[in-house]
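Engineer: Listed below are the residues making up each chain.
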Amino acid sequence: MEPINKVKGIVAPLDRANVDTDQIIPKQFLKRIERTGFGEFLFFDWRFNEDGTENPDFVLNHPRYKGAAILLAWDNFGGGSSREHAPWALKDYGFLAIIAPSFADIFYNNCIKNGMLPVTLPKDTVAKLFERAQEREGYELTVDLESQTIKDDEGWAVQFEIDPFKKTYLMEGLDDIYLTLQHEDKIRAYEESMG
Amino acid sequence: MSGTTMFEKLWNAQVVHQGPGKPALLYINRHLVHEVTSPQAFEGLRLTGRGVRRPELTFATIDHNVPTTDRSGPIKDPISKKQIETLRENCREFGIELFDLDSPHQGIVHVIGPELGITQPGVTLVCGDSHTSTHGAFGALAFGIGTSEVEHVLATQCLWQSRPKVFEIKVVGARHKGVTAKDIILSIIGRIGTAGATGTVIEYRGEAIESLSMEERMTICNMTIEAGGRAGMIVPDEKTFEYLKDKPRSPKGRGWDEAVERWKGLRTDDGAQFDKSVELDASDIAPQVSWGTNPGMVADITGAVPFTEEFDDPVERKSAERALEYMGLKPGTPIMEIKLDTVFIGSCTNARLEDLIAAAAVVKGRKAAPNIRVMVVPGSQLVKLQAEELGLDRVFKEAGFEWRESGCSMCLGMNPDILSPGERCASTSNRNFEGRQGKGGRTHLVSPIMAAAAAIEGRFVDIREWNLNDEIE
Ligand code: SF4
Chain A
1 MEPINKVKGI VAPLDRANVD TDQIIPKQFL KRIERTGFGE FLFFDWRFNE
51 DGTENPDFVL NHPRYKGAAI LLAWDNFGGG SSREHAPWAL KDYGFLAIIA
101 PSFADIFYNN CIKNGMLPVT LPKDTVAKLF ERAQEREGYE LTVDLESQTI
151 KDDEGWAVQF EIDPFKKTYL MEGLDDIYLT LQHEDKIRAY EESMG
Chain B
1001 MSGTTMFEKL WNAQVVHQGP GKPALLYINR HLVHEVTSPQ AFEGLRLTGR
1051 GVRRPELTFA TIDHNVPTTD RSGPIKDPIS KKQIETLREN CREFGIELFD
1101 LDSPHQGIVH VIGPELGITQ PGVTLVCGDS HTSTHGAFGA LAFGIGTSEV
1151 EHVLATQCLW QSRPKVFEIK VVGARHKGVT AKDIILSIIG RIGTAGATGT
1201 VIEYRGEAIE SLSMEERMTI CNMTIEAGGR AGMIVPDEKT FEYLKDKPRS
1251 PKGRGWDEAV ERWKGLRTDD GAQFDKSVEL DASDIAPQVS WGTNPGMVAD
1301 ITGAVPFTEE FDDPVERKSA ERALEYMGLK PGTPIMEIKL DTVFIGSCTN
1351 ARLEDLIAAA AVVKGRKAAP NIRVMVVPGS QLVKLQAEEL GLDRVFKEAG
1401 FEWRESGCSM CLGMNPDILS PGERCASTSN RNFEGRQGKG GRTHLVSPIM
1451 AAAAAIEGRF VDIREWNLND EIE
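These protein sequences, in sequence, are chains A and B. 191 is the number that our numbering gives to position 191 of the first sequence; each next residue is one higher, with no gaps. When you read off a place in the second sequence, starting at 1, and then add 1000, the result is the number in our numbering.
For reference, chain A alone in the conformation it holds in the complex (with noise of 0.2 Å):
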């Protein structure tokens, strides 16, 4: 996996709660055997009409928001099935982090395990985030991994916490399996000792 540390980019707004995984990929196309392309499948039914055109309401349609990296969103985000192809999704369209006051186990697992960032901060933070992304055309974040801050171009920062073993696994774009074979000793023991 390749390491990652500093994101920066367009803010994305999406103003929902309880966002889950068969709405950021949609169950039709989890039939794909492969890792890759699922972006274009991202929001599906939100993103597109009936009809294959895009939907101009949803905010990932909106000019302003072409290219954003990091995306915003209310509490529980990833709530649901345990597809990993929600973050193989979000991060074949280019997002690199996401920010939410809270996120569902498993989702929020699945990301770090594919070099992506989940930000958690604090509700009212993330309410003031909203407001300037909803408001200033092109507002972007810096997230720094490393220093474990949030900041804009307009001298505004904030902290947030992370599970220091996750810090370290994506900063290092750490191999889990290669890391537990190095433990192939104590694995066999354990075995054994089972009988």
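To be clear, the hints were calculated from the coordinates, so they are not data collected in a lab. Here the structure is a predicted model, which means the values were calculated and not measured. Heads up, some of the hints might be wrong.
Derived contacts from chain B toward chain A, CB cut-off under 7 Å, selection only [unchecked claim]: (1) 1086; (2) 1152; (3) 1439.
Reference listing, derived: stretches of chain B covered by chain A, where coverage requires no fewer than 3 residues with Cβ under 8 Å from a Cβ of chain A [unchecked claim]: (4) 1019–1026; (5) 1091–1100; (6) 1105–1117; (7) 1140–1149; (8) 1154–1162; (9) 1270–1278; (10) 1316–1330.
We put the beta carbon where it would ideally sit given N, CA and C, even for glycine.
With the hints as your guide, set chain B with the ligand onto chain A.
Structural biologist: Chain B with the ligand in isolation, oriented as in the chain A frame:
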């Protein structure tokens, strides 16, 4: 002296390695695999030249994509077909046992695990599927994982996990007739919310839980994920052992006696501390019907669609407004006035034998309402066979219901079983998300007996008012 929870005992016994302040490397005893979340994991193994460490601990089946009509011909959707064939090839190449379409054990992964005795107390069990929480009904630590983790388990038989908190949900009292395990879990989710258990493993306890059958306990644990929980667990007891005895993969002979002795030790000590606790009284619970687009949006059958002004939190109010718009419902509409186009009885939540027996008892001698489509999809081929031996298929067919082959079916509509835009469905499944059962489809979550009664009347009815026989306790 404070005691220890069942969860802690199980967890501690599984730790292979743990550095200070780091996640634990947990040993995984059972791994279940299906066609949708596994192809990229096997591909990852191939790309890195890694093998499967313990192929005998992984079991595969095909459930999400399969047609539930006649299966003798080839699968029509070419992409589904490719995904299914990919799983077959992967199982062959890596030496994994597959319960394929022609197997008497094919079925929804969370139905067949317990049926085969693969699910056992005290084990860690994972699957690339969020409803893996189902297996916790046996006192297993069972949770859903992503595809990267599927690959990790295949390669190492271990997973890195941070220790979750333990959440006690105690259900006291006795439930009324017509109130099922589904109503208990829906009312729990309604109360704590869809993120109420995030970061925790729930231990369900109290006399209302102990009194449940194994299949009912599975319904409860199944929907733990709908409350945001990592896993749900119930202490194994005589019912658990009774259920598992003589299952194909259960221990046999002396091994069985030893296993039961071991399993008996897996209980939460008196005085053990939980990180969080909630208590409910089962006698307060009424049959539940979901009105919105997440499983926390539920009402009593005697209630009404809420007015959005009732929600104080602006984000929640907005969610409720959107949900009502999507669902095509007006605030204040009595739940019993909601008319239906379709009824789906199926899924890993409610398509086991007892569910079908209870639904059939409601249906017997009655007919489906005119113009309503009703689909009954057994959770596994074994459930189907057992139901047919009891003549349940005839009861359903005589009422005008469709009797299908096993699979996930309209629970998520990856196969041809889907709702059309605007179609309104009473469903015994677990998710009422937008588009879950088909784009624009409107899902109301209910118990099997509530679904069966709704199919007869063409709208929701209070099952408690029906003169039910003893089969529907
Ligand atoms: S029945 Fe539904 S919830 Fe259960 S495994 Fe299948 S798709 Fe998932």
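Engineer: Output the numbers, in ascending order, of every earlier hint that fails for this structure.
Structural biologist: 5, 6, 9
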